[in-house]
Every structure is written in C-alpha cells, then in structure tokens.
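Taken in sequence, the protein lines are chains A and B. So in our numbering, spot 177 of the first sequence is number 177, and the numbers just go up one at a time. So in our numbering, spot 100 of the second sequence is number 100, and the numbers just go up one at a time.
FYI, nobody ran anything at the bench for these hints, they're computed from the structure. Take the hints with a grain of salt, since some may be wrong.
Claimed, not checked - Here are the simulated lysine-lysine pairs, BS3-like style, with alpha carbons at most 27 Å apart:
id : chain 1 : residue 1 : chain 2 : residue 2
1  : A       : LYS31     : A       : LYS70
2  : B       : LYS194    : B       : LYS157
3  : B       : LYS229    : B       : LYS239
4  : A       : LYS189    : B       : LYS244
5  : A       : LYS285    : B       : LYS52
6  : B       : LYS52     : B       : LYS110
7  : A       : LYS264    : B       : LYS229
8  : A       : LYS189    : B       : LYS50
9  : B       : LYS2      : A       : LYS230
10 : B       : LYS149    : B       : LYS194
11 : A       : LYS189    : B       : LYS194
12 : B       : LYS52     : B       : LYS184
13 : B       : LYS149    : A       : LYS322
14 : B       : LYS239    : A       : LYS189
15 : A       : LYS230    : A       : LYS189
16 : A       : LYS325    : B       : LYS194
17 : A       : LYS264    : B       : LYS239
18 : A       : LYS325    : B       : LYS250
19 : B       : LYS2      : B       : LYS250
20 : B       : LYS50     : A       : LYS264
21 : B       : LYS110    : B       : LYS227
22 : B       : LYS194    : B       : LYS184
23 : A       : LYS282    : B       : LYS50
Stated by the list, open to error - Chain A regions said to be covered by chain B (calculated; three or more residues, Cβ under 8 Å):
id : stretch
24 : 58–70
25 : 87–93
Claimed, not checked - Residues of chain A clear of chain B, computed beta-carbon distances all greater than 10 Å:
id : residue
26 : GLN10
27 : ASN245
28 : SER256
Idealized CB from N, CA, C, for every residue including glycine.
These are the residues of each chain, in order.
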Amino acid sequence: MSGILVVMEQQGGQWHRMSWEALAAGIELGKQSGQPVLAAVPGSEIAALANEAATKAVAKVHAVEHPLLKDYTPDGFTAALEQLIRQHAPTVVLFPHTYQVRDYAPKLATRFGQSLLSDVIHIRADGGTPVFVRQLFQGKLNADFRPSGNGPFFASVQAGAFRADSLEAGSAQVETFTPQLDAAQIRTKPQAPFREAARAVDLTAAEIIVSVGRGIKDKENIHIVEALAKALNGELAASRPICDNGWLPMERQVGSSGQTVSPKVYMAIGISGAIQHLVGMKGSKIIVAINKDANAPIFEVADYGIVGDLFEIVPALVEEVKKAKG
Amino acid sequence: MKIIVAIKQVPVRDSQLRIDASGRWIQEEDLSFEINEPDAYALEEALQLKEKHGGEVVALCLGPARATQTIREALAKGADRAIHIEEENTGALDTFGVASLLSSAIQGEKPDLILTGLQSDDLGYGQTGVVMAEILGLPHSTIIMQVEKENESIRVKRELENGWFQHIDIPLPAVLAIQSGISKLRYATLMGIKKAKLKEMKKVTVGELGAPPPATVLIERAYAPQKSKRTQILEGDAKAVAAKLVEKLKFEVRVI
C-alpha cells in the first residue's frame, strides 16, 4: 500500500475550483511523507480534464470513465471509486469538501471500515502517519486526529485551507480506469439542476460589505445594520440563519451555501463566524468584527475587533461615518 | 409512514468552552445542553411528514444519561416514542462506530424513512446519516430542502452549491440528511410536555447492542485555534470605538 489519491471533482466538463486545493493538499502531504500522488477524475467524457490534471506535479492521473458517471449519484460514484481504491491501495484518499463529497465520501469510507475525516484544515506527516486537523464546535476549537490501523484513511479538505495558485507543474501519464457499473445498482434518480430565480444582487462586485448575523435577534432590527451599509455606501449581506428566517433574501447570503466574497472591507456584525460563513468571506482584505462574545471564531480572522453590544455600537458608527464623510 | 429521527445532544450554542484534563475534549461539568439545532430541523420535518401522511415518529439518540432531557423534549414536540442508547463514553467512538450502534438499535423497526440533521454543532462531521444508509443498505440523499411522498418513493429537493438545486427520486426506505432552516421549528405545548411523560423511552446499552467496530479516527488533542491574523481590538464606550474604527477605515483602509 502506498500513494496519496486525490479525487478531483468536475461537473459537465467544468472543474470544481476546490479540486485544485485538494490536489495542493495531496502534493504537500506527498512531499512530507515521500509518497507518490495520484489524481482521480470520475465522470463521463473527461479525457480533456484528466489531461489538464496531468500537467501538475502528480505521478499519475486516473480518468475514471463511465457513461453512468455522467450524472452524479452516490451509488455510482461510490462503486466506481471503491474499485479504483481496491486496485491501487493508496494509504490516504483526499477529497475537496464539496456538497457532492459530503454526499458520498462517508459511504465510500464505510466500505473500507473507515470514518471520513471531513472538513480538514491542515495535514502533516508525523512519524509515518498523517495527522489531520479539523475544527470542533463550529470553529471554536481545533483538534488533531491521528488515524490508527492500516487505512486507507479518508479525508476531505476545507475550502480555502490549501492554496491552489502555486501548484507545481509536471507531466504525468493519464490512465483510463473503466469501473464495472450496472444501471440497476444506482437507486436514486437525479433530475436536472435548476436555479430558483436569477440572482439580482451580485455581492462579489461590492467594495464594502456590511453583513449581519444571529446577533441582530429580530427582523425589526435589520434596519440598524442597513443604515450602516447605506452610510458606508456598501452592500448589505447576511449569514445563513438570517436568510433562512426570511429576514433578508437568500441572494444576500454569504457563505458556503451563498456567495463567496472578497471585498476591501467586510464588516461582520453579530456573526459568530461558523465555518460555513467563514469560507465565504475570509478572503476579504480587511475584516471588521463586532460581537458581544470575545471568544467568537469571527475574531480569529478579523483585522479589527469590537467586543460589545451591536445595538449601541452600530448606531454610533453610523453617526461617525456620516461625520467623517461630511 | 414510519420515520426514525436521529438526534444528538450538544452544549448550548454560546457555551464558553474549556479543554478538560485529558486534553482531548472539553470540560462538560458546568455546561448546559440542548438538541443539536440541525437535528431539530430533521425532527420538525419528520413531524410534518407524519401530520401529512400519518404514521409514527421515533426519536433515536446515542448519548449519556443527560441526553434524556433532550429526548423528552423531542417527545413533547410530538415524537411518539424514543430509543436511547445510553453511553457515557461516546468519545471512544468514531462516526462509523456511532452509525453502527444507531443502526443496530433500530434492527427490526423497518422504518420508511430515517432522518438526521446535516451535521452536529460539536464534532461537525456531517455524515452519520450517510454512514447509516451504507450500513443498512439503504439509498440516501443529503442537504434536503423538501420531501414529497409519491407512493413507494419520495421526491426530494437537494441543495447544490451556489444557489442551485436538484430534484431526486429515491425509493423507500431511505435515509435523508435534512438542511437546517427549511421550516419554522415548533415549540412543545403544555399538553405535549404532559403527554411526553407517558411515552415510551426504551433504553439500550452498547453492551446489549454488541461492540461497534474499533475506532480508527479519534481526537488526539483539542486546543484553541491559533489566530490567523493579529486582531486589533478597539476598546472604549460605543462612541469611542465607533470613532476609532472610522479613523482606521478613513486613514488606513481608505474606504471613507
């Protein structure tokens, strides 16, 4: 058993951008542990993508090709990758922590008697075994996990945890792997993806975003934060619970299920900073956090922090901004 | 429709957490506990499906004795009965172990649906339902926004990334991980609380269920995260911190 297998994700011939981050994680672990890195691209008609993956510093790319892998199903993807993993016996299997991976990677790990280490933020090779770091309590704590036994060990890496922009170039061989799949094995029938409505608000273009979270307590209070957004000439945004409650439309949601933004200034008001929110905004140039809980994870990523009552601080800020703008 | 809902008890959301003497978990003595919020949405969906199609809702929980409180609340909200796998040392289990015990505890129940929340607010693995589906040999889907019953199957609306959705047809029985926030959570009524006291809460132990597969991934060390940035904390009363922040935004960040 050897090698680190990175399972890359694509949809209809388009890469999921996090695939490259997972590959970066694999290449880093490969270097530390002296193991070859193999990439797998499951899908149908994916030769071009497999060739692209082969231009990176990997030992080999497996194009896991089958017409039944055209549309994602947990049964199809699990069966196909199980066969690939049994044949090549890697020690570690890495995935990007995407919605799709969350849907099937735990099932795949179970086939090998393993538990998936999901949403990993750091990996290091330590005395022959990899140590994976995950967050606990929505990011309030970190924990090291050292798997025991012979593996293979399964882990998915968090969005933004590894840098995809400095991937080393290489020239690997592409091997097509044709899994044995039967349509009768696939129990779920997926329909074509759809969007509910065209997105009217493009938060990604905003220079200043003022974002509101659970701390606002009531729909009637949203106007307090909206006034600050207006004074700063910025866009109003929110964390998921605010949009779930219907206090602001879904199109203003920032986070893993909403938009990913990187404005000049991101103001997080009454937002604790759950992982799902942080992945959508931690690329912002300057982050300002206002929260009553000094231990809220949002302060881990903030450049400026104010610990206090938003209902006092935000109106005072509006006044000061107006004064400064004259 | 017979629906089993897996629920978990976790520390309340704004708990101040401290690492315990083992260095692997938190001090639990002075914390309060509540139902894992994503599981509350799974329970709500189960209760609504029962109201629409009839049947039974069974709450399933693995946890220490204190979890009884959370299970009672589920019964008060409308679950018909509960199964509590009482185990104090849940830290010795990994996801595969937890899902194996949950699956053994419902042997012979033959549910139409098993629902779970999307993830737990403490460990956050987000996979117990998927692993249960694999152990039980059932189809599954995750991040579910809507469930519609159609004879022997269901059509679910699954959330994809970036504002996309997808309908999926799944034969019953099946396992679903429910997305949080898809409906308004109900409160327990006074009548519900009274009735809950009379409802069946079956207790089973890990010993009775048989040892789960040995854990392969356990926490070696838990610790406060290192800050990725140096945060300047601005101090003073509201007016003073507001003035300080505006000065930074004007002269350092230059956005005003």
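For each hint, the structure was consulted:
Distance restraint check for A:LYS31 and A:LYS70: the Cα-Cα separation of roughly 33 Å exceeds the 27 Å cut-off, and the hinted pair is therefore not satisfied. The hinted pair formed by B:LYS194 and B:LYS157 fails the criterion: a straight-line CA distance of about 36 Å is larger than 27 Å. For the proposed pair B:LYS229 and B:LYS239, the alpha carbon gap of about 26 Å is at most 27 Å, so the pair holds. With a CA separation close to 57 Å, the supplied pair A:LYS189 and B:LYS244 exceeds the 27 Å bound.
Restraint check for A:LYS285 and B:LYS52: not satisfied, since their Cα atoms lie roughly 49 Å apart, outside the 27 Å limit. Restraint check for B:LYS52 and B:LYS110: satisfied, since their Cα atoms lie roughly 20 Å apart, inside the 27 Å limit. Between the alpha carbons of A:LYS264 and B:LYS229 the distance comes to roughly 16 Å, so the proposed pair stays at or under 27 Å and holds. A threshold of 27 Å between alpha carbons decides the hint, and for A:LYS189 with B:LYS50 the separation of about 24 Å falls inside it, so the pair holds.
This hinted pair does not check out: B:LYS2 and A:LYS230 have alpha carbons roughly 51 Å apart, beyond 27 Å. In summary, the hint linking B:LYS149 to B:LYS194 is not supported, as the alpha carbons are separated by about 31 Å, beyond the 27 Å threshold. Taken as a hint, the A:LYS189 and B:LYS194 pair is broken in the structure, with Cα atoms around 43 Å apart against an allowance of 27 Å. Simply put, B:LYS52 and B:LYS184 have alpha-carbon atoms about 16 Å apart, close enough for the 27 Å limit, and the pair holds.
Between B:LYS149 and A:LYS322, the direct Cα distance comes to roughly 55 Å. Violation of the 27 Å bound is thereby established for this hinted pair. Restraint check for B:LYS239 and A:LYS189: the C-alpha separation of about 58 Å exceeds 27 Å, so the hint is violated. Of the supplied pair hints, the one linking A:LYS230 and A:LYS189 is violated, its CA atoms being roughly 46 Å apart against a limit of 27 Å. With a CA separation close to 60 Å, the supplied pair A:LYS325 and B:LYS194 exceeds the 27 Å bound.
Distance restraint check for A:LYS264 and B:LYS239: the Cα-Cα separation of roughly 24 Å lies within the 27 Å cut-off, and the hinted pair is therefore satisfied. Restraint check for A:LYS325 and B:LYS250: satisfied, since their Cα atoms lie roughly 9 Å apart, inside the 27 Å limit. The suggested pairing of B:LYS2 with B:LYS250 is violated, with an alpha-carbon distance near 61 Å, which exceeds 27 Å. Between B:LYS50 and A:LYS264, the direct Cα distance comes to roughly 49 Å. Violation of the 27 Å bound is thereby established for this hinted pair.
Of the pairs offered as hints, the one joining B:LYS110 and B:LYS227 is violated, with about 48 Å between alpha carbons and a cut-off of 27 Å exceeded. For the suggested pair B:LYS194 and B:LYS184, the alpha carbons sit about 23 Å apart, so the restraint of at most 27 Å is met. A hinted pair counts as satisfied when its Cα atoms are at most 27 Å apart, and A:LYS282 with B:LYS50 does not qualify at roughly 41 Å. By the rule of at least three residues with a Cβ nearer than 8 Å to a Cβ of chain B, the coverage given for the stretch 58–70 of chain A is violated, with 0 such residues.
Taking a C-beta to C-beta cut-off of 8 Å, the stretch 87–93 of chain A contributes 0 residues in contact with chain B, too few for the three needed, and the coverage statement is violated. Residue-level check passed: A:GLN10 sits 13 Å from the nearest beta carbon of chain B, beyond 10 Å. A Cβ of chain B approaches the Cβ of A:ASN245 within 10 Å, the least distance being about 7 Å, so the stated non-interface status is violated. Against chain B, the non-interface label of A:SER256 is violated: not every CB pair exceeds 10 Å, the least being about 7 Å.
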